[in-house]
Every structure is written in C-alpha cells, then in structure tokens.
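Enquirer: One-letter residues, chain by chain:
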Amino acid sequence: MKLQVKFRQGASHDKVDEVLGALVERGADDVRALFPGSDDPELGALYVVEANGTSRDRLLRVLDKSDVVEFAEPEARRKLARSA
Amino acid sequence: MRPVIEGDVPSFGRPARPREYVPGQVVVRVRPEAVRPHVAAPRMALSQSVADSLPDSIGEPVDYLRRDAGLKAVDPLFSPRLAQLRRSRLPPAARYRLAVAASVADVETDDLAGLAVASLPERRITGDLLETIGSSPGVEFAERLPTRWLEADGPDPKQNLQWGLRAIRYFDARRPSAADVRVAILDTGIDTTHPDLPDPVLYRHQGLRAQDIIGHGSHVAGIIAAIANNRIGITGIADCRLAVWKIFPDQPERGDFYVDSERYLRALGELPDEEVAAVNLSIGGAAHSQAEALLFRRLVERGVTPVAAMGNEYEEGNPTSYPAAYEDVVSVGAIAETRRRSRFSSTGHHIDLVAPGSNILSTVPMRRSAYRQETEYVSWSGTSMATPHVTAAVALLAAAHPGWSSAQISHRLRGSAAQLSAMRGSRWTQTYGAGLLDLRTALS
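From first to last, the protein sequence lines stand for chains U and W. Counting in the working numbering, the first sequence runs from 8 upward without gaps. Counting in the working numbering, the second sequence runs from 85 upward without gaps.
Accuracy of the hints is not assured; some may be wrong.
What the hints assert, rightly or not - Which residues of chain W face chain U? A partial, calculated answer using Cβ under 7 Å:
id	residue
1	H300
2	D340
3	V343
4	S345
5	E346
6	L349
7	S366
8	G369
9	A375
10	G395
11	N396
12	F428
13	T431
Since the hints were made in silico from the structure, they are not lab data. The model shown is predicted, which means the values in this text are computed figures rather than measured ones. Virtual Cβ for every residue (Gly too), placed ideally from N, Cα, C.
Whenever a hint applies, use it, and build me the whole structure from the sequences.
Expert: Written out as structure tokens, the structure is:
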C-alpha cells in the first residue's frame with residue numbers, strides 16, 4: 008500500500024523531516040521523494056509513503072494533522088483500458 | 085522518411101502501360117561538399133539569408149530551372165522538413181534553394197545527402213536541360229525519375245482491414261509530415277524489433293524488462309505511427325516520433341494489469357522535458373488523485389496535450405474514469421464499425437469525442453509471451469484503441485500548427501468532429517461527446 012503526499016511550498020526541511028519521521032515511527036516501511044533531486048519546487052514537494060504492515064488510516068491521520076502537508080492520499084490504481 | 089512523389093495517393097497494382105519515367109519529375113543530386121560549408125547542419129534556418137548564402141554552383145542551376153524551365157517545386161528526398169518547406173512563405177526562388185540545401189543539411193549520411201526531386205512541366209524536360217543542370221560543378225547528376233522509384237514503396241497490405249482509417253477520413257485529409265513531432269506513449273512498452281514500427285526516439289523502461297510482454301503498448305504504437313506505405317502490414321496515422329515509457333510491471337493482479345504508480349507519476353513529470361506534443365494514456369481507474377491532477381495541469385501548461393481513454397466499464401456501472409475526467413485532458417470514447425458506441429465504452433459529462441475502438445487491427449510483438457498468444461498483428465477492442473487515433477490526430481495538428489496550445493488543439497478536435505446519426509442532431513452528447521474524430525475537417 009502506498010500513499011502520495013505533497014508538502015506545502017515553502018515548508019521548511021525540518022518540518023518535512025519531522026512529518027516523515029513520524030510516519031516511520033508509526034509503521035511506514037519507507038518514505039521517499041517522488042522526484043528525487045528535482046530542483047522544481049512543486050515536483051520536489053511530492054513524496055511516496057510505503058506501508059505494508061500498518062493501517063493506511065493511521066498514517067493518513069498523521070498527515071492530515073500536519074500544517075505543512077498540502078494533501079495526502081492513497082495511490083490511485085490505473086489499469087489498461089483494453090476490453091476483454 | 086518516405087519521399088513524397090506525385091502526391092500521396094496509394095496506387096493499387098501495376099498500370100496497364102508502364103511508363104519508364106515519372107512524368108514531370110527530375111531527380112537531382114547536388115554535391116554535399118558544395119553545400120555543407122554554407123549551412124549550419126543539422127538544423128539550418130529556413131531563411132532568405134541562408135538561401136542567399138548558397139554558392140553559385142548550387143544557386144545557379146536552381147535559378148535556371150525556375151527561370152527557364154518552369155520549375156514548380158523542389159522536394160528534398162530525405163529531409164524531415166518537407167512540410168515546413170512547402171508551407172514557407174518565402175519567395176519561390178529562396179524556397180527552391182532552401183529545399184536543395186535541406187537535402188544536405190538535414191541528412192546526416194553523405195550517401196543519402198543532396199537528393200531532391202524537381203517538378204517541371206513534362207515538355208520542358210529534355211536531354212539538353214538535364215545536361216545543362218548536370219554540368220554545374222555543384223551538381224553530381226540530374227536525371228529523369230525512373231518509375232521503379234515509385235515501386236520502392238506502396239500500400240500496406242493490411243490497410244484495407246483498418247476500417248478506422250476510413251471512419252476518421254484519413255485518406256481524405258491533407259496530412260502534414262509530423263516527423264518533427266514527438267508523441268509519448270505511457271504503456272506496457274514497445275516491441276523495438278517489429279518491422280512495421282518506427283524506432284522510438286526514447287524508450288524508458290525504468291528498471292523493468294525492455295520487452296513488451298503484454299503487447300498493449302505496441303498495439304497503441306501501431307495505431308499512432310506504424311510505418312505507412314512500406315508494403316508491410318498496416319498504416320499508422322501519423323509519421324511522428326515515439327517516446328515510450330514502460331509503466332506496467334509484467335505481472336497481472338487478479339487478471340488485470342495495473343500501472344506501477346511511481347513509475348507512472350515520474351513519467352508524467354518527465355514528459356515536458358522531452359518536448360513531446362502529446363501523450364497517449366490508454367489507461368484508467370475510478371479514484372481521483374490530487375498528485376496525478378497536479379501533474380496533468382503541469383503538462384497542459386507546458387504545451388503537452390494529454391489524450392486518455394474514457395474506460396471500458398459501461399456495463400459495470402459506467403464509473404467515471406481518471407485521468408480522462410481531469411480538466412484539460414482530451415477524453416476519448418469508442419465506436420464500432422456501425423458508427424455507434426462500442427458496447428463497453430464508458431460515457432459521461434467529460435467525454436470530448438469518439439474514435440474507432442472495436443476490432444482495431446494493429447501491431448503486437450513478434451514473439452509470444454505468457455500473456456499473449458498473438459504475434460505481429462491482431463485486432464483488439466477498447467477505448468485503449470480509440471485513444472491513439474486521437475493522439476495521432478494531435479500529432480498532425482501540432483505539425484500543422486506548431487504554435488498552438490493544448491487548449492487550441494483540443495478545441496479544434498472537438499470543433500471538427502463529425503456528428504453521428506446516433507447523436508440525433510445534438511451537437512454534444514454524453515455518449516459521443518462532440519462526435520467522431522474527423523481528420524479531414526480537423527486538418528483543413
């Protein structure tokens with residue numbers, strides 16, 4: 008299970024690290040930038056949270072409480088649009 | 085690139101009385117070494133000053149043909165900028181000189197550089213004329229165009245099975261060359277060994293196997309850009325360049341293939357840097373995503389036209405499908421050969437137009453896989469198959485109108501769509517959007 012997170016533009020590194028650390032503390036397996044190394048502020052604010060052994064809602068509650076998180080959502084599944 | 089000779093009309097069978105030469109056409113080869121010092125290859129400017137800078141050994145024979153032999157056109161044989169040259173508003177004298185220069189500057193290998201076809205009134209083509217042109221120090225040879233050149237290419241044998249081409253009025257449309265246009269396909273990959281598919285200019289399989297195991301991406305690629313008139317298989321709609329991202333792992337989940345969301349979103353983020361004009365998304369799902377919507381907004385702002393499938397779940401509750409339902413995405417439904425909605429094609433308020441999506445013949449990988457028995461060519465159905473018809477149309481519109489925004493292109497697609505009788509006189513319906521993709525009207 009994965010979550011997609013976007014931090015608000017201008018959020019300090021310390022605040023972002025604080026939120027990411029809290030996610031790991033509450034059972035996230037991995038947190039990583041979606042566009043690692045991007046110097047585009049919008050792309051650089053997007054993260055992926057991987058969590059297979061913990062509740063999605065629990066992690067979303069952490070994210071929803073943070074004032075530096077612009078949005079957090081479960082990954083949206085997309086499949087082929089070929090008819091059977 | 086296939087040379088355009090005597091129009092672009094496919095010929096069927098041999099003529100009753102074969103001619104030795106193509107009437108009114110002369111093939112000229114200029115010496116590349118006479119041109120190269122005077123132009124900035126590989127992308128020389130198509131300007132009056134470049135035309136003026138050519139040496140007399142090139143300029144004089146061109147001017148002679150124009151002045152004394154009624155020269156009507158000069159087409160560089162292997163330049164990808166034929167359409168641009170034809171559209172140029174420069175005076176004919178400059179245009180003809182530039183066409184000759186482009187036959188060198190736009191071609192990397194000397195073997196193919198310098199070849200151009202000059203169109204003249206048939207009665208003006210004499211031995212003396214050819215000798216005069218050929219004796220210029222900048223010209224290697226000038227000769228009549230043998231008819232066998234026409235036989236070097238020809239209709240694709242399976243073209244008559246492509247009902248979709250007829251439905252979108254492909255054959256009636258004035259199609260520009262889209263050889264300078266890049267189209268992105270985010271899908272299951274592409275079979276780079278297929279003889280009817282162009283080599284992609286970019287193929288990012290992002291740590292996944294390069295092979296297209298499923299075949300879906302190769303099928304989409306063939307609808308858009310299978311090589312036309314190569315006497316092999318099918319005809320693609322646009323001669324554009326393909327940039328391919330493989331976003332599907334090769335393992336199904338409960339019978340369906342799902343995208344790898346990280347690879348998918350990263351590809352969306354990378355597209356603008358790769359200068360693509362359009363992106364084909366024959367995928368969908370019911371959940372809205374803010375991250376995905378953000379990336380689509382960025383695409384449109386940066387001049388990329390996203391084209392997405394409406395989805396195939398009409399009979400499973402007709403859910404709204406994303407990315408088709410995002411604002412500014414061109415959303416494509418499917419019709420069958422009857423010109424009515426394909427039974428599976430989802431409907432909704434966000435639909436833009438429809439395109440052929442039932443029993444669409446296209447390319448699949450040359451080798452079987454665990455998930456696909458068919459090889460080479462197969463007919464598949466889905467809004468997945470309708471979508472690339474529209475994506476190819478975007479490529480052609482981008483070629484015809486290089487400055488147009490994504491909004492202008494999608495506006496033209498909707499505004500030029502053909503009303504279907506099933507729309508019962510309405511200009512727009514939730515089933516057919518603005519109607520059926522109509523290439524002729526869109527490109528007129």
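Enquirer: Now tell me if each hint is right for this structure.
Expert: Against the structure, the hints come out as follows:
1. H300: holds (5 Å)
2. D340: holds (5 Å)
3. V343: holds (4 Å)
4. S345: holds (4 Å)
5. E346: holds (6 Å)
6. L349: holds (6 Å)
7. S366: Result: holds, 5 Å to nearest chain U Cβ.
8. G369: This interface hint holds because 4 Å falls under the 7 Å limit.
9. A375: holds (4 Å)
10. G395: Cβ of G395 (chain W) sits 6 Å from chain U, so the hint holds.
11. N396: Holds: closest Cβ of chain U sits about 5 Å from N396 (chain W), inside 7 Å.
12. F428: holds (5 Å)
13. T431: violated (14 Å)
This entry does not satisfy hint 13, going by the numbered hints stated previously; all others are met.
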